[in-house]
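Enquirer: In the order they appear, the protein sequences are chains A and B. If you're matching positions, the first sequence starts at 100 in our numbering and goes up one per residue. If you're matching positions, the second sequence starts at 574 in our numbering and goes up one per residue.
Keep in mind the hints are simulated off the structure, nothing from the lab. Check before you lean on any hint, since a few could be wrong.
[Said to hold, decoys possible] What the simulated footprint calls covered on chain A by chain B, stretch by stretch (three residues with Cβ under 8 Å from a Cβ of chain B suffice, anywhere in the stretch; the number is not a length):
hint, stretch
1, 177-185
2, 192-206
[To be verified] Going by beta-carbon spacing under 8 Å, a handful of chain B positions derived as facing chain A:
hint, residue
3, L616
4, Y621
5, N625
6, D629
7, L633
8, P634
9, G675
10, Y676
11, F678
[Unchecked claim] Keeping only pairs whose Cα atoms sit at most 30 Å apart, straight-line, the calculated DSS-like set for lysine-lysine is:
hint, chain 1, residue 1, chain 2, residue 2
12, B, K584, A, K200
13, A, K164, B, K588
14, B, K630, A, K200
15, A, K108, A, K121
16, A, K108, B, K630
17, A, K156, A, K121
Cβ atoms here follow ideal geometry from the backbone N, Cα and C, with glycine treated the same way.
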Amino acid sequence: AQRVTQPEKLLSVFKGAPVELKCNYSYSGSPELFWYVQYSRQRLQLLLRHISRESIKGFTADLNKGETSFHLKKPFAQEEDSAMYYCALRDQAGTALIFGKGTTLSVSS
Amino acid sequence: GAGVSQSPSNKVTEKGKDVELRCDPISGHTALYWYRQSLGQGLEFLIYFQGNSAPDKSGLPSDRFSAERTGGSVSTLTIQRTQQEDSAVYLCASSPQGAGGGYTFGSGTRLTVV
Numbered sequence: 100a101q102r103v104t105q106p107e108k109l110l111s112v113f114k115g116a117p118v119e120l121k122c123n124y125s126y127s128g129s130p131e132l133f134w135y136v137q138y139s140r141q142r143l144q145l146l147l148r149h150i151s152r153e154s155i156k157g158f159t160a161d162l163n164k165g166e167t168s169f170h171l172k173k174p175f176a177q178e179e180d181s182a183m184y185y186c187a188l189r190d191q192a193g194t195a196l197i198f199g200k201g202t203t204l205s206v207s208s
Numbered sequence: 574g575a576g577v578s579q580s581p582s583n584k585v586t587e588k589g590k591d592v593e594l595r596c597d598p599i600s601g602h603t604a605l606y607w608y609r610q611s612l613g614q615g616l617e618f619l620i621y622f623q624g625n626s627a628p629d630k631s632g633l634p635s636d637r638f639s640a641e642r643t644g645g646s647v648s649t650l651t652i653q654r655t656q657q658e659d660s661a662v663y664l665c666a667s668s669p670q671g672a673g674g675g676y677t678f679g680s681g682t683r684l685t686v687v
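Please work from the sequences and hints to get the whole structure.
Expert: Here it is as structure tokens:
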């Protein structure tokens, strides 16, 4: 079964601390994985995708097939990073994205 | 348009009534998706349209839910005989064909069934 698991509902860190938002997936074959972010009162938007191997707003995510993980990391959190983060997996049919339940990141000073 | 437009932004309806939610995707985007966002449940896939192909309805939770897409553009999600558990934010997204997952989401319709 295809599934995305985000084990933490809420992650609270202090400004300047490292951040790791966990994402594990279940999938047969080579997965396509994404991170989406929703800031307060804003639309859900794409943050990054694993095939691009990009760094956006200081965030990176590495696909680890052995651990079936795609954790989102940032070395130094900023208050403006506070948002809801969703990990997503493209389904086997290559059509819709399967989303995790999301993790709320709260960064305080 | 410049982005994905959804209307209404908020809808309060009485249990048992039918509702229609509208999505106007980005011009030229062939793929259109509907999701439901509930507290604690994340984003639940409902239905997917791609060009003129038959839609993927595998995510619709019951036969009270239906959707259509006219002329390959505007889409309407209809919920018949609404129930309180239908209360959620309904999100629409669109993407160009072969976009590699880069959806553009609308701001959603918050549906409250009382």
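Enquirer: Each hint needs a verdict: does it hold in this structure or not?
Expert: Verification of the hints:
no.	hint	result
1	177-185	violated (count 1)
2	192-206	holds (count 9)
3	L616	4 Å, holds
4	Y621	5 Å, holds
5	N625	15 Å, violated
6	D629	6 Å, holds
7	L633	12 Å, violated
8	P634	15 Å, violated
9	G675	5 Å, holds
10	Y676	7 Å, holds
11	F678	4 Å, holds
12	B:K584 to A:K200	24 Å, holds
13	A:K164 to B:K588	46 Å, violated
14	B:K630 to A:K200	21 Å, holds
15	A:K108 to A:K121	10 Å, holds
16	A:K108 to B:K630	29 Å, holds
17	A:K156 to A:K121	18 Å, holds
Going through the hint list in order, the structure does not satisfy hints 1, 5, 7, 8 and 13.
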